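Engineer: Single-letter residue listing:
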Amino acid sequence: MTTEELQALEIGKVVDARGTACPGPLLDAKRAIGECPVGGVMEVQSSDDGTIIDIQRWSRKMGHEYLGDVENDGFWSIYFRKVK
Amino acid sequence: MSDEATNEKMIQDLMKRVETLEENAPEDKLAMGIMSGDLDYLIASFIVALGAAAYDMEVDMFFTFWATAALRDPKKQKNLKKDALGNMFGMMLPTGTGKLPLSKMHMMGMGDAMIKGVMKKHGAKSLEELMKDAAEFGIRIHVCTMSMDLMGIKREEMIDYPHMSYVGVGAFVDIFGKAKQCWFM
Numbered sequence: 002m003t004t005e006e007l008q009a010l011e012i013g014k015v016v017d018a019r020g021t022a023c024p025g026p027l028l029d030a031k032r033a034i035g036e037c038p039v040g041g042v043m044e045v046q047s048s049d050d051g052t053i054i055d056i057q058r059w060s061r062k063m064g065h066e067y068l069g070d071v072e073n074d075g076f077w078s079i080y081f082r083k084v085k
Numbered sequence: 016m017s018d019e020a021t022n023e024k025m026i027q028d029l030m031k032r033v034e035t036l037e038e039n040a041p042e043d044k045l046a047m048g049i050m051s052g053d054l055d056y057l058i059a060s061f062i063v064a065l066g067a068a069a070y071d072m073e074v075d076m077f078f079t080f081w082a083t084a085a086l087r088d089p090k091k092q093k094n095l096k097k098d099a100l101g102n103m104f105g106m107m108l109p110t111g112t113g114k115l116p117l118s119k120m121h122m123m124g125m126g127d128a129m130i131k132g133v134m135k136k137h138g139a140k141s142l143e144e145l146m147k148d149a150a151e152f153g154i155r156i157h158v159c160t161m162s163m164d165l166m167g168i169k170r171e172e173m174i175d176y177p178h179m180s181y182v183g184v185g186a187f188v189d190i191f192g193k194a195k196q197c198w199f200m
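Order-wise, the sequence lines are chains A and B.
The opening position of the first sequence corresponds to residue 2 in my numbering, with each subsequent residue numbered one higher.
The opening position of the second sequence corresponds to residue 16 in my numbering, with each subsequent residue numbered one higher.
Bear in mind the hints are in silico, worked out from the structure with no lab data behind them.
Treat each hint with caution, since some may be false.
Result set (DSS-like, lysine-lysine): computed pairs, CA atoms no more than 25 Å apart in a straight line [to be verified]:
1) A:K62 / B:K90
2) A:K14 / A:K83
3) B:K136 / B:K147
4) A:K31 / B:K44
5) B:K135 / A:K31
6) B:K147 / A:K85
7) B:K147 / B:K90
8) B:K136 / A:K62
9) A:K14 / A:K31
10) B:K195 / A:K31
11) B:K135 / A:K62
12) A:K31 / B:K136
13) A:K31 / A:K83
14) A:K62 / A:K14
15) B:K136 / A:K83
Per label pair, the in silico range of CB-to-CB distance [what the hints assert, rightly or not]:
16) B:L95 / A:G41: 51 to 57 Å
17) A:G51 / B:Q196: 18 to 24 Å
18) A:E6 / B:G192: 45 to 51 Å
19) A:E5 / B:K31: 55 to 61 Å
20) A:K62 / B:G192: 19 to 25 Å
21) A:Q57 / B:G138: 20 to 26 Å
22) B:S180 / A:G20: 34 to 40 Å
Only a predicted model underlies this, so the values are computations on that prediction, with no experimental measurement involved.
C-beta atoms are modelled at their ideal positions from N, C-alpha and C, and glycine is treated no differently.
Hey, can you work out the whole structure from these sequences and the hints?
Structural biologist: Here it is in structure tokens:
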């Protein structure tokens, strides 16, 4: 998905994990996934660019659909769709 | 034997073998043997354990030797009945997570303070915070009873951790045997 497409997505749950280091963002995503409806998009915000690959692998392994990431001012927004 | 009977027997044999394989197949579990009582090794161990927990893996951590001292609670050090050797070990070993040395660049405690400052600055969780997360995610800690005996560490002085048990190597070899991933620190 392009940056524009990602930014236009309707978000089911935002996880603000900015300012926390590994494994903070991954754990925050794991904690919050229950609050995202099935079929909804989750956006994980992290200031650690290692989180991009972490969430990519984790979301796929957990059976979700990875959508992409967007670099913002000092942090990244990482998007995936909760499939189940 | 007719062809049909041969086939039937073959299927039965195969079913038996599949069942045995299934029984012995490693599960999506992480088993960690933690021997080091150094702050850096313990932080790394808990980060790996929590990463696995995020993947819904069951995690078992086996604390042995120097690592057991990290589980002592500094608030529970009064009125412990220990023999002379136990008292000596008790004094020489770190009392809990706040007193752990670094494996490198410890510099009489200066390195320890420095790494804690750097970690805080970068938003990294302290060992105490990581252990709180571990409790929340159901990570199990198994403490080696022989290490405790050798070093005179008492159960009464251990931290309050919700998923803690006291075991020998027998329990842990079984746990390791069923885990897809095994780590030793």
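Engineer: Hint by hint, note whether the structure agrees.
Structural biologist: Results of checking the hints against the structure:
no. : hint                       : result
1   : A:K62 / B:K90              : violated (42 Å)
2   : A:K14 / A:K83              : holds (10 Å)
3   : B:K136 / B:K147            : holds (20 Å)
4   : A:K31 / B:K44              : holds (17 Å)
5   : B:K135 / A:K31             : holds (22 Å)
6   : B:K147 / A:K85             : violated (28 Å)
7   : B:K147 / B:K90             : holds (17 Å)
8   : B:K136 / A:K62             : violated (32 Å)
9   : A:K14 / A:K31              : holds (12 Å)
10  : B:K195 / A:K31             : holds (21 Å)
11  : B:K135 / A:K62             : violated (31 Å)
12  : A:K31 / B:K136             : holds (24 Å)
13  : A:K31 / A:K83              : holds (12 Å)
14  : A:K62 / A:K14              : holds (19 Å)
15  : B:K136 / A:K83             : violated (33 Å)
16  : B:L95 / A:G41: 51 to 57 Å  : holds (53 Å)
17  : A:G51 / B:Q196: 18 to 24 Å : holds (20 Å)
18  : A:E6 / B:G192: 45 to 51 Å  : holds (47 Å)
19  : A:E5 / B:K31: 55 to 61 Å   : holds (58 Å)
20  : A:K62 / B:G192: 19 to 25 Å : holds (24 Å)
21  : A:Q57 / B:G138: 20 to 26 Å : holds (21 Å)
22  : B:S180 / A:G20: 34 to 40 Å : holds (35 Å)
Going down the numbered hints, you'll see the structure goes against 1, 6, 8, 11, 15, while the others check out.
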